[in-house]
Amino acid sequence: MEDNPLHPFELHDWIPIALGGLDISINKAVIFMWIAVSLAAVVMIMAGSSRKLVPGKLQNLAEIMVDFIRTMIMETMGKEGMRFFPFIGTLFVFILFCNLLGMIPGSYTVTSQIAVTAVFAFVVYGISLVVGFMLHGVKFLGVLIPPGTPGWLVPLMIPIEIMSQLARPISLAVRLFANMTAGHVLLGVLFGMAISGGLLIGWLPFVFTVGINVLEVGIAFIQAYIFTMLSCVYLGDAFHLHGHDDHAH
Amino acid sequence: MPQFESHFFSSLIFWEVVSFAILFFVLYKYAFPGILGMLEEREKKIKDSLDQAEQHRSEAERRLKDYEAKLSAAGKEAEAILAAAKERAQRLLDENEQRMTTEAERIKGDATRAIEQERRRAIQDIRTQTTDLALMVAEKVVQRSLTDTDHRKFADDALDALSKSYQR
Chain A
1 MEDNPLHPFE
11 LHDWIPIALG
21 GLDISINKAV
31 IFMWIAVSLA
41 AVVMIMAGSS
51 RKLVPGKLQN
61 LAEIMVDFIR
71 TMIMETMGKE
81 GMRFFPFIGT
91 LFVFILFCNL
101 LGMIPGSYTV
111 TSQIAVTAVF
121 AFVVYGISLV
131 VGFMLHGVKF
141 LGVLIPPGTP
151 GWLVPLMIPI
161 EIMSQLARPI
171 SLAVRLFANM
181 TAGHVLLGVL
191 FGMAISGGLL
201 IGWLPFVFTV
211 GINVLEVGIA
221 FIQAYIFTML
231 SCVYLGDAFH
241 LHGHDDHAH
Chain B
250 MPQFESHFFS
260 SLIFWEVVSF
270 AILFFVLYKY
280 AFPGILGMLE
290 EREKKIKDSL
300 DQAEQHRSEA
310 ERRLKDYEAK
320 LSAAGKEAEA
330 ILAAAKERAQ
340 RLLDENEQRM
350 TTEAERIKGD
360 ATRAIEQERR
370 RAIQDIRTQT
380 TDLALMVAEK
390 VVQRSLTDTD
400 HRKFADDALD
410 ALSKSYQR
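Chains A and B, in that order, are what the protein sequence lines are. In terms of the working numbering, the first sequence is residues 1 to 249. In terms of the working numbering, the second sequence is residues 250 to 417.
Certain hints may be false.
Claimed, not checked - If you only want the chain B side, here are some residues facing chain A, beta carbon under 7 Å, derived:
#, residue
1, Phe258
2, Leu261
3, Ile262
4, Val275
5, Phe281
6, Leu313
7, His400
8, Phe403
I should point out that these hints are in silico values taken from the structure, not numbers from a laboratory. Each residue gets a CB set at the ideal place from its N, CA and C atoms; glycine is no exception.
Please model the complete structure; the sequences and the hints are all you need to start from.
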């Protein structure tokens, strides 16, 4: 069992619950999801309630995060994108805290579950479609024909663009899931080597483990950033149909 | 891979949606407005401070210009006063000089006239005395008496002849 590097990702029903035929049993991932959400809520509320003009450490951290998300939204969607700030902000905080919590040995990385990342990805993509059709109506189908496409290429471009559109949520989901999984698998393998290698040679993979751990903390931040950034880009595309035209003006 | 065990999907997705909704509500209600408000407040404060600094700077600049203008006006005024004083002094000097010159001319003229008068009188005196003297001499020489009118006539003729010969 210990030799299997995928062992830490296994789940077991701890408290079986069924809701009208739907299995909503509590498992390790759900518990750590709650912990991450609680931590995020506590940190953000504490930071938000201490309204000092010269911020303390916690307030500063939260303000940097909020300002970071705000800048991201402003750059990709413009001022009207600020309506999505609560959603994008919550998404970033949720993913970041899940990623970081997973770095604690013995905990569970919620974002290494494809089901979790896929729900976020499809919800984001679904919102972008709804926004696009609400703002532009049928003209939103124009995303399937990039500006400047010669007429004879249109029959070819439409299937290609449909594929690329479908790839958006899938790549969004797989990127986060795969990064989180791979990092932990690598750490698991290296740590297993450190244990089985003994003192003579085992120190080498152990040093790697420490190094990769630092790297993984960085990746936790970067993947949360990439996920929200791409969400902003997709939503921004829905806002500004053929955004490149808008920027050219 | 354990993550593809679809048995856990329903519970994971359910609790994810619930957790996300709760976190969304909590942050939307209690965290984001405060932090965003704080950020905006600070931005506004910084912007206000900058604006105020700019205002102070332009005010100071305006005052400096004001003072410079006043200073240059005062300098010009002083120059004008100095020039006026100089001109007045020059005028007084000129007037004085002219008055002195006139006075001197007058004094000189008076003196010249007085001298001329004195000279004439002296000449007259000399003439009268000379006549008397000549008469006395002539009386002694001629030993005869002539009328007084004759005397004068002779004397005058003689004198005229004398002065003519002298002038020539």
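Each hint, compared with the structure:
1. Phe258: holds, 5 Å
2. Leu261: Nearest chain A Cβ about 5 Å off; hint holds.
3. Ile262: holds, 5 Å
4. Val275: Holds, about 5 Å.
5. Phe281: It holds, given that the least Cβ distance between phenylalanine 281 of chain B and chain A is near 6 Å, below 7 Å.
6. Leu313: violated, 33 Å
7. His400: At 139 Å from the nearest chain A Cβ, histidine 400 of chain B fails the 7 Å test, so the hint is violated.
8. Phe403: Violated, because the Cβ-Cβ distance from phenylalanine 403 of chain B to chain A comes to roughly 140 Å (cut-off 7 Å).
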